[in-house]
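Guided by the hints, dock chain F with the ligands onto chain A, whose structure is given.
Taken in order, these protein sequences are the chains called A and F.
Counting from 1, one number per residue, gives the positions in the first sequence under UniProt numbering.
Counting from 1, one number per residue, gives the positions in the second sequence under UniProt numbering.
A portion of the hints provided could be inaccurate.
BS3-like mimics (lysine-lysine), calculated; alpha carbons at most 30 Å apart, straight line [claimed, not checked]:
id, chain 1, residue 1, chain 2, residue 2
1, F, Lys227, A, Lys256
2, A, Lys227, F, Lys227
3, F, Lys119, F, Lys3
Note that these hints are calculated values from the structure, not bench results.
All values derive from a computational prediction rather than experimental measurement.
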Amino acid sequence: MAYQGFGKYKEVLSARSADEEIRNIAQDGGTTTALLCFALETGFIDGAVLTKKSSREWVPAQYVATTRDEILQSAKSVYALSPSLYRLKEATRERALSKVGYVGLPCQIEAVRKMQLYPFGARDIVESLALVIGIFCFENFYPESLKAIVEGLGEEPLEDVVRMRCASGKFRTEGEKGIIVPLKQASRYIQDGDRICPDLVSEWADISAGSVGSDPGWNTVFLRTKKGHDFFQQATGAGAIETKEISEEGLKALEKLAVAKKDRAKKHIAKREELGLYVTRDIYY
Amino acid sequence: MSKPKFAYVHLAACSGCEISFLDNFERLLDMMDMVDIEYMTLIKDATDIPKVDIVFVDGAACLQSEDAVETLKKARENATYLVAWGGCSSTATINNFSRGGQLPQPQHESFPPIKRLVKVDASVPGSPPGPGMAYNVIRAFVEGDLDYLKYLSSYSLGGFACGCDLWKDIVDNGLCIGCGACAMACPTRAITMVEGRPNNVFERCVKCGACYAQCPRSFLPTAAIEKLMDRLMED
Ligand code: SF4
Ligand code: SF4
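Pulled out of the complex, with its shape left as it was, chain A reads as follows:
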């Protein structure tokens, strides 16, 4: 069956880390974390540019991980802006890594691919990118917005939160109290640029992963490029990743969201054009 809004891919399936330690600390199935650990162990990458929660207030930090322990620090999602592309320069120039893994949001994967084709200021980076993993994303927040949602709307101190999730129309936290805020309400606080972003499932990554579409504790995974596909096969073959078939209902739910994101982008682009504002050239696809 052909679906709308997923981009090109070779295969889509449900997956999770075979390693319980990773599953326990991860956001969902821990597939991304497990893939990164496996890539590091096998020398497929010699480091990765990642994002982690840096403070008790959930401010994201961008860093270069070169050990398993460092990779594990990135296991949970932080729903706040993380300009991590900057660290690619540190990874290649200062740390002299030659096989770099990168995990980013759809808009960041767009930037990576643009950089591959137009390396205006990206000397040495293009050749050093070994694995590009994209995360699903519908929208993203300023760190201050997270505070407004969790503390303002949810009345829970950010410091008490141990995990956050955006799923099924709800923004939820786990922790001392655990709050649920309808995404409709939380969405007021997204960064404006997300409103014209057409990509939910990181259509241009080697591998993309997210939670929507799969059972709790599992990830939905798109294997896109040959490199991504082969590497994933290797990881499952070696027992680092478990997989199962993904259901049609799951994919339909994901499709609905992907199409909604594209429609939103189309609408907002038209609105801005009407106002005579500059809009990114050729953004819509």
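Only chain F with the ligands this time, still in chain A's reference frame:
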């Protein structure tokens, strides 16, 4: 078409862009397969700019140097397609600050971007641009890949550039998504990311234009990326 002829003309600049061009190492051989390098003083013994199909002009033409201005005009006249290669030629970069009594001679004081003096077909900002840009531009020219070249002819990629272009076009218009590509591209580390937005330290900005060009929200080469993905799916 027979093999296109290529020339490389060097005006006032630090030579970083020329080095970047040569930093293609083994890919340089591929480039030589694509074009005949007829003129490039660093690697070839030729004194006059010949008629060519494509010319890379690196550096700025000093208005107080008749020689420089004439060389630029000649490069334009003799070439079908003129590429402003690197910051100095496309935005004037550091030359913007050479006002009065600075090098190369005390009276040499103004170095506008070359598009104010001649028609430029493509601008490649960056101080210097990554070596891959030279390869990509030459390949696109030879293959007639207009999808690739069209973005390099947009105003914002050449002219007077600085980190503020990010404000004017991207941040002010609610387009920025806080990816950090601009900070990554800046050769002088003039950009820090504050709360997910670029913050320019003006004292450090040399006005090379790399940040704006690299930003995924200035232009997104969708068609070219789709082609790249097709390639990556196969090998
Ligand atoms: S901020 Fe940096 S990249 Fe942007 S124009 Fe200035 S020097 Fe160039
Ligand atoms: S590159 Fe563009 S979108 Fe990314 S942080 Fe800089 S201004 Fe924002």
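Each hint tested on the structure:
1. F:Lys227 / A:Lys256: holds, 26 Å
2. A:Lys227 / F:Lys227: holds, 16 Å
3. F:Lys119 / F:Lys3: Status holds; Cα separation ~24 Å.
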